[in-house]
Every structure is written in C-alpha cells, then in structure tokens.
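Protein chains in written order, with the working numbering: chain A, 1 to 437; chain B, 1 to 181; chain C, 1 to 308.
It cannot be assumed that every hint is accurate.
[Stated by the list, open to error] As a list, the in silico PhoX-like pairs of lysine-lysine whose alpha-carbon atoms are at most 20 Å apart: (1) Lys251/C <-> Lys261/C; (2) Lys107/C <-> Lys221/C; (3) Lys130/C <-> Lys261/C; (4) Lys293/C <-> Lys123/B; (5) Lys130/C <-> Lys140/C; (6) Lys123/B <-> Lys111/C; (7) Lys123/B <-> Lys288/C; (8) Lys283/C <-> Lys293/C; (9) Lys299/C <-> Lys107/C; (10) Lys129/C <-> Lys262/C; (11) Lys140/C <-> Lys261/C; (12) Lys48/C <-> Lys123/B.
[Unchecked claim] Covered by chain C, per the in silico footprint, the following chain A stretches (three or more residues, Cβ under 8 Å): (13) 49-56; (14) 162-170; (15) 304-311.
FYI, nobody ran anything at the bench for these hints, they're computed from the structure. Ideal Cβ placement from N, Cα and C applies to all residues, glycine included.
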Amino acid sequence: MSPTAAGLLMIFALFVLLGTGMPIAFALGLAAVSALFFQSGFDIFYVLGDTMFSGIANLAYVSIPMFVLMGAAVASSPAGSDLYTALDRWLNRVPGGLVLSNIGACAIFSGMTGSSPATCAAIGKMGIPEMLNRGYPNSVATGSIAAGGTLGILIPPSVTLIVYGIATESSIGRLFMAGVIPGIMLTIMFMIWAVIDCKRKGYVFDAGGIRYTLKQRMASLPRILPFLLIIAGTLYVLYGGVATPSEAAGAGAFLTLAVVIIAYRLFRIKPVAQIFSSAMRESVMIMMIMASAELFAFALSSLYITQSVATFIADLDVNRWVLMLIINVFLLICGMFLPPVAVIVMTAPMLFPIVTQAGFDPYWFAIILTINMEVGLITPPIGLNLFVINAIAPKIPTRDILWGALPYVIVMFIAILILCVFPDIVTWLPNHMLGAM
Amino acid sequence: MVKAYIWTISQISRLFAFIATALLIASMLVVCQMILLRYAFNLPTIWQTDFVVFAATAAMFLGAPYVLLKGGHVGVDVVELMVSAPTRRGLKLIGSLLGLLFCVIMLLAGWFQFHDAWAGNWKHSSVWAPPLWVPLLSLPIGFGLLSLQYTAQILSLLTHQPQDTSNASEDPHSALKEMPQ
Amino acid sequence: DTVLKASHQFPGGKGDIRDEMVQLIARDVAAANVGLTIQVFPGSSLYKPNDQWNALTRGLLDMTSFPLDYASGRNPEFSATLMPGLVGNFDRAKRLNTSPFMADIKKIIEKQGAIVISDAWLSGAFASKKGCITSPETIKGQTIRAAGPAFEEMLVGAGASISSMPSSEIYTGMQTGVLDAANTSSASFVSYRLFEQAKCLTAPGENALWFMYEPVLVSKKTFDKLTPEQQKAILAAGKKAEEFFDKEVRKGDQVMIDAYKKAGVQVVEMTKADYDAWLEIAKKTSYKNFAEKVPGGAKLIDEALAVK
Ligand code: NA
Ligand code: NA
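Full structure from sequences and hints, please.
Set out below in structure tokens:
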C-alpha cells in the first residue's frame, strides 16, 4: 500500500472511531495500533508500551500537570471571583464592560495556567451567569468566554508551547517569552472587537444601575494582589536564574497553592482535595491524549506518511508566504478535528524543518501555530473550549456559542496576518531579553 | 452481582486516583526541594529529576481509570447529538467496546514492557539508576484497570444499571461536567 | 526490493555528521544495486532516542546511529563508552576500536542482537561563564549540566552542582544563570550557540575528558535475513561511513573552536596534568561505582586504560 493510501485509510479509521463518541485518546491509539499491526504484525506489541510511556516521561512534560495545578488552585478558590469583581469595578462604565472584564480576567488567569479549557472554565463559571443576568445575549456571553479562554495557551505558561519546545528541541523559556506580546496584543484585539460589537448593538445594561466610587474601585485592588504575587513569583523563578522552565512549573504550583490557601484560609481538607482532584483529572485527560498522539505520530512515521507529506509540502516550490498560507490552512483543518497537543505532537516535527528551511523564525512559527490551535479550540467538531462552555451553561444552544465565537476567530486570523507582516512583535521580547538567535 | 462488580471497580479506580494525586503532589514537592537544594545551598541533586519524571508519568496512567469513570476523557459528541436515544445507546456501546479493545491491547503491550524490564533488571541510565519496572508497572495497572472500568461501563449499558456516578452514562455532555470547577 | 528503516535523533539534512553517515550508507547501498532501500528517519521522527535499542534488537528497527550509553540501563557495561577520561583523543579512539576493550563491548552488542557497521567516537567540550574549566579545582561551586551519568558522578566528586535539563535549555539556563557551565558534544556547543553565553571554552585537544561512542548499528535479525550480496553492500557502506566520520569529526572540533574564538570566547585545553588530576577523581567516583555495580566492570576499565 502506498503511504498516501495508508494515510487516508488511517485518518478515515480515526474519524469512524471518533464518531462513536469514544475518548479521543483511545480513538487515536486504536487507529495507530491497528495500522502498526497491519504493517509489522504481533512484534509491534513490544514497542507500544515504550512509545506511550517514554512519549510523556519527560521532565518538561511534568510541567504540564503543574501548570494545570496552578490554574486549578485559583479556579477552585474565591481568588477567581475576586479577580473578576475587581476588573468589573473598573470597567463597568465602558460599553460592554463586563465582556472586557471577562476577557481581561481570562488574560490574567492565562498567566497562571497553561491550559485553555481551564481558563475557560475558571472565568466562564462566574462570567457567563453574570453576563446573562445583566442582559447580554447568549452569543455574546459565551462567545467572549470561549475566545478569551483560548488565551490560556498563548500567554505563558502554555501547555502547547511546552509540547512544541520538546517536539522541535526549542527552548521553552524562550517560547514562553515569545508568547507575551502577541498574547497581550490578541487580548487587546479581542477587547476592541467587544467594544465595537457592544457599541454597535447598543448594549449599555451594566452602566445603568451600578456605579462604583473611586474608593470602591481602589478597595478592590488589594484583592488582586495575590495574583500579581503569583505571576511575579513564577516569572522570577523562571527568568531570575532560579530554575529551568520545567522546574519553575513545580515551584509556581507550590507558590500558587500556598498563596491561595493562606490568603483565603482554605485550611480544611475538602477544598484543597478538590483542587488536586480537578488538576489530576485535567492533566490525565491532556497527557493521555498526548501519549496516544505519540503513538499515532509513530504510526504515521512508520508508514512513511509523515515523510511523504513533508516531501510533498517541501517540493511545492512556491513563494514562502504561499507555503506559510498552505501550512496555516493545514493546521486549521487539523485543529478543527483534534486537540492542540495532539496536533503539535503529530505535525510540529514534520513542519519544523520545512518552516525553518524557508527562512521563518522557529519561535515566530510557534506563536502562529499556537493561534491556529486557539482557533481549533472554538471550532466544531472538537473544540475543548466549546465542550467546557456546554458544561457550564448546558441550556445555551451550541449554535449561539459558535455564532458568538465566530467574530473572535476572524480576529485571530487578523492577528496571524499582523504577525506575518510584523514578525518583530513575536521576536522582539525574546531577542531583547535573551539575546538574538 | 453486576451492581457489586461495578461498585467494586469504581472503588478501586478511586483508590488509584488517590495514589495518582499523591504522586503528583510528591513530584511538586520534590521539584521544590530540588530547586532549593541547588539554588540556596548549591548542593548537587541526584535522584530528584528521575523521581519527578517517573512519579508524574506513572500518575497519568494510574489516574486514567478514574477519569474514565468520571467521563473526563473528552470525545466527540457530534454524532451522538444527531441520533435518537436508542441509537445513542448502541453507539455508546460500540464506542465502549472499541475503547476496551484498545485498553486490552495496551494492557498486553504494557505487560510485555513491564515484564522485560523486571526480568532484565533494566535500570534508568542516570546516576541514581532506578529500576525501570517500578514506573513501568503503571502501564499494566493503568490499562488493566481501564479495561475493568470499561467492562463495568459496558455492563451498566447492557443491564441499564446506572454507574455509581450520576453523570456517567446518559448525558452526552457528561465529559465536561467534571472539568475543573 | 527490501526496505530497511534507519533512525537517529540528530537533525536531518543540516550537515550533522551522524546524519550524514547514515545518509551516506543509504546512498551507497542504493548504488550497490542489490535490491535494498534504506529509509532514513532523522531527528527522532520514528523512535525516541532511548527507545531505539529495544526496537533495534527486536528487529522492528533495522539501523540506527546510536549513542550506546543510552542502552546502559539494560546493559550496564555500555556505560564504559561514556566514561570520563577513557579515550583522550581521536588517535587513541582509533586504537581503542581494535582493542580487547571494544572487542568485549561489541561481543555484548552482538549478543543483544545488533551489529556495529561503523565505529564512531564523538568528542565533547566544557564551557563556563564563570572561568575556564581545566583542573578539577576550577569547577568547585559551579552549577553544570553534564552529558552522561558517569560524568555527573565525577563532577560532583570535584565539588560541582548538577542541574539536569535537555540540551535545548542549556542556552537559556546559562543566560538566566541557572547554569554556570555545560558539558556536551562539540556539535551541540555550536548548534546551540553557547558562545553567546560562555566566557571560556575547554576544547577537546589532546587531553579530552569527554568522548562518547555513537556507532552505526544494524539489527542482527534484519542482517541475518539479507542475501550475502546485501550484507556485503551494507558492511562496505559502513566502512566507508566510518572513514568519512573519522575525517569530518576532527574538522567539527575546529569549527567549534573557530566559532567560539570569533565570538570572543577564551579557548583553552586541558594539560596532561589536569587530565591526570581528573582521572584520579574519576577513579574514586565513576570508575569505582562502575567496577562495583557492573560485573566485569573493573576489567573493562583496565583494558581501556591499557591502550597506548
Ligand atoms: Na497560559
Ligand atoms: Na476544533
């Protein structure tokens, strides 16, 4: 069988398996194992365990559960709602102020976790009901949270940048730094869209009833102090010569837990156990998908599919920007159907040489790739953020969420375009802080 | 009988979830200890990196059965949402059988891996050189328990027994009821 | 046509000498016209570095350029091929290849199910942002990322602190100050651009502590299935690749030295006295552990040290 035929068959099998609703992790794994079995027979059983286990047994990957734990600590404590309240007090007079609070809260929360679904869940749990209470339509309430949540993987720390770093042997510390300015830029672009949209539709609900005095506003500030402390502390550990990025995650998780437990006096077992339990569940979900994606990537490579696709793309002999466009479309399609970590595990090692060969900066490409993955998080059929919103607000039809998220997808496309025209937005900070590559 | 089986398996999954969580906490604490030793006291660290990597990795496989019990492994619900309730049940059954198939395959593969490491006395190649069978044991345990958990899920589908958590079988959105709250 | 899979962890098509060795073998075997095609999977695109040994000895992987020490968890004797101070320089490495020491190592390789078709010893260096690493005293109090457990043992014995991280993090590590120094292969010293961070480089020279055995291996299961012509073609290609490597690897060290000098980094070498002082520490640490833990370990060390 030719690599092309084998590849199409494998992907078809994957779709059929996914269609049954079985877990993505096991669908990826079963498709891979079947393909490998047809290629190599029973002997293949001797490398499956190795491939899955060593696929995730890596010090850098340990930081994924740790960065998830950081998020869980904040999300499961009153810290999240304090952050939200403080932002609301400052922004409630702006048209669509509550939307801005949501997006801003998502961005700040992103600085404390590496995961987008976690960001979405943490802020959405408070944000969506509050917006609906104040009369925002379903689509605005859910769309902004779905999109704001995607910032979780762009603003460091980021699970996907960690995976990219390992897959391409790039420095994770540098990748994190590359995400900072694009993350802030995308946050502001989301906010601009929210203001335009709310102004256009005349949403002024919040400003009507509630007014906060300057004193009330100032009083809300100390409450966000713990967050700033956590972010500053983690950054210091990360870039102050204390620890490697992989280790900083553990220290960050410890610091976050300590701050949250002390600041909110969570001295009982139950709330703390809840934090750990939810962190464990999300980590397992992510890491099992990753381990299976390693298996899938191994099968693709073993059948020479990866290499054939890479050769095909490399031989296209087109202008480098046309090449970048093709790669983006390819990533968008992958991102629609698979979670970000799976896409990166399977495509980054293949695309990385092509992209660097064409003269693109690997750190710049990491950010372009990440924004593509953010789009995938809010597009059907598999969009982790959509699932989260569905779980938080089961009564809101999926159509409304999609409709509300769509404009943000367009904003992300614009962001990609801007980064293509001005790549310095990505590379300036790492080059400035860590020296040019 | 069926009810007792389902209950027993869910309790074992809980036990291993507890162990997995403990391993995660342990790796967090060891990372901090390692940073402290090196940064504050300039002391060499020998076993910490290996411990952290293997504890966290093993935790993922040991925690997986509990996450399955709680419906926390995300899947695609597009088809499920389009079909009628009886078809949905059938689809769920097929999905569970396929999931079981994968877990059984990995149980075998994981067992081979573990057994080779045990019989060959494989060590991790580092200064500490821990025996590899210890972390690799998480493969057969994790996938073995996943297989049992799947069997419980299939039995509960066939006998219309609810699984012990209210959110596991019928609700197509169950997957994310358990997302970080 | 029989298709063989060759895998390694090094960047493909970028002039990495180990990649070029495998590519050369693939080309030669194709040119020999014996019905054999070798697919090369560079950059860990098929197996993870540590998983290659298992796959190779089981016949699932046919060929690999493999740092043998990665399999030392399964065959502890292999640690001797990444043992501080056992090699010294390239000329001695060549003499080592035909010594009883390597005969013993190759016997184990073969028993496990693999065949060496090209010998290759990679040299490595030290770099520091604090001061030049020459004698053991110079490393006291420095935090270093070392390549290989036996090196870690020796460096700790000399009073260094160890920080483990992937080589891709060394740059940031030195930049932020997590690391003071690093020890890795010459190729990595160039590709990771550590000259931007280092103050002083200790080049291999005549008294190099760090050498690593990275042969090209073929699975015995695969090899035995081939026709005599095919076997001959592979062995011939392997010999040619070995000669190619021997010439190129020395140039690689010069490329590193030039890059560091150009960046204004001080470049030094260890003297014979420095080397001997390190050996004394190694005897008390890594050699001692090796001899204690590995059956026949002491004999292997003695055999290696006995080579002129
Ligand atoms: Na983040
Ligand atoms: Na999607």
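Quick rundown of the hints versus the structure:
{"no.": "1", "hint": "Lys251/C <-> Lys261/C", "verdict": "15 Å, holds"}
{"no.": "2", "hint": "Lys107/C <-> Lys221/C", "verdict": "16 Å, holds"}
{"no.": "3", "hint": "Lys130/C <-> Lys261/C", "verdict": "17 Å, holds"}
{"no.": "4", "hint": "Lys293/C <-> Lys123/B", "verdict": "12 Å, holds"}
{"no.": "5", "hint": "Lys130/C <-> Lys140/C", "verdict": "11 Å, holds"}
{"no.": "6", "hint": "Lys123/B <-> Lys111/C", "verdict": "19 Å, holds"}
{"no.": "7", "hint": "Lys123/B <-> Lys288/C", "verdict": "18 Å, holds"}
{"no.": "8", "hint": "Lys283/C <-> Lys293/C", "verdict": "14 Å, holds"}
{"no.": "9", "hint": "Lys299/C <-> Lys107/C", "verdict": "15 Å, holds"}
{"no.": "10", "hint": "Lys129/C <-> Lys262/C", "verdict": "16 Å, holds"}
{"no.": "11", "hint": "Lys140/C <-> Lys261/C", "verdict": "25 Å, violated"}
{"no.": "12", "hint": "Lys48/C <-> Lys123/B", "verdict": "17 Å, holds"}
{"no.": "13", "hint": "49-56", "verdict": "holds (count 4)"}
{"no.": "14", "hint": "162-170", "verdict": "holds (count 4)"}
{"no.": "15", "hint": "304-311", "verdict": "holds (count 3)"}
Against the hints set out earlier in the document, a violation occurs for number 11 only.
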